Amino acid sequence: MEQSSSTMSTLPPNTNTSGDKPCLACEPHTRIMNAEENRLEESRRRKVHWKRWGPYLSERQWGTVRDDYSPYGTAWEFFPHDHAGRAPIAGGEDGLLGICDRHQLVCFALALWNGRDPILKERLFGLTANEGNHGEDVKEYYFYLDSTPMHSYMNALYKYPQGEFPYSQLVEENRRRSRKDFEYEGSLWIASRASSAACSGSATIILMSGRMSKYLKGRKGDVVSFRS
Amino acid sequence: MNRTHLVPVLRYLLDESEFLSPYGIRAISRFHKDHPYVLRVGGTEHRVAYEPAESSTGLFGGNSNWRGPVWFPINFLLIEALQKFHHFYGEEFMVELPTGSGRQASLWEAAAEISRRLTRIFLRSADGRRPVYGGLKKFQNDPYWCDLIYFYEYFHGDNGAGIGASHQTRWTGLVAKLIEQSVREV
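First to last, the protein sequences are chains A and B. Following our numbering, the numbering of the first sequence begins with 22 at its first residue and continues without gaps. Following our numbering, the numbering of the second sequence begins with 546 at its first residue and continues without gaps.
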């Protein structure tokens, strides 16, 4: 932590517009910063590249206008989820609970298989604008649970069914429904399973932004842990 | 907008039968549920009514409804605007909160009340249910799901249930900023 020399810093003047109400976080104007606030400050002043790595990988690149090469301007239909596993995407990368460097040159993401699906679960599944009865929508259950501002610690949860993922069921049921109906989110598969805990994967990713190689040297094995 | 305009505008904004829902400010007044706004242009009748839930038209791709639900970006801007007006007019400028209640409050308190109502979308109410998950039993009751929070795109104008995209983490994530500010005030 040789860069983290200053622990005292002057915060900006009280910008609270509450008039005479005291702002506990701003007064007094000088106080001790914690380690993460210190890193934020170092990052802001471009002293240490703390934000080089983070959860910057797109959740999906399919169904976006970035990969539209359609002859008649059908931008939203041109690249559905079904194509994503078979064709390269020109406009970027995507992945499940992915992390990458800020230029998206090196990408890490999860790939899961429950032994039943015809495809690996490599990215979020969903429908394009005209497939869903209320437009484009991802049909998955995933949650970003925790993160430090520097992304040195991140925690996320993805729920993957042990049974076959209802890909075709989601497409067909949404096609059947009209705008007057509610969206179909595939609630059948979560409702039909007694123990939902058994069908979830949780990923905890710990990395040190900016100085990953240094960190790797000292503490192999701790860097990425995955449990399911 | 000056004080002369602000008073009648806030009378509608802070009226629970108009814009003020239990979970924030509605995109269109609830008054238009029974009294749709009708405009006749060239023999065609156009109408806009209060629609608190999902969109009934293909507007904005069909998955966004700006005709009644509660949206975070607009609500956040309203809170900031009220705080700025409070900074200018001070504690002595009071409005009825909510309209018709007889209770007087400063503009800062009105902003804090909207903030509380927005935050309430995600918190468990007295009956143990989170308004955000409405009738989704799995998310209300299952111990492996009930503490997992989605940041929906917008919310039902009457009951606060989440609608639209479930990962609108950018503007709906502003609730974190609202909570941070409410804690500072204590």
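Hints in this document: simulated from the structure, not taken from any laboratory. All values derive from a computational prediction rather than experimental measurement. Ideal Cβ positions, reconstructed from N, Cα and C, are used throughout, including at glycine. There's no promise every hint is true.
To be verified - Lysine to any residue pairs mimicking SDA-like chemistry, simulated, CA-CA at most 20 Å apart: (1) A:Lys180 / B:Leu681; (2) A:Lys180 / B:Trp690; (3) B:Lys722 / A:Lys180; (4) B:Lys722 / A:Gln183; (5) B:Lys683 / A:Ala111; (6) B:Lys683 / A:Leu166; (7) B:Lys722 / A:Glu57; (8) B:Lys683 / A:Gln183; (9) B:Lys683 / A:Tyr165.
To be verified - Far from chain B by the CB rule (all over 10 Å, computed), these chain A residues: (10) Arg73; (11) Glu80; (12) Thr95; (13) Phe99; (14) Pro101; (15) Leu126; (16) Val127; (17) Ala132; (18) Gln190.
query: Quick check: which numbered hints come out false for this structure?
result: 3, 4, 5 and 11
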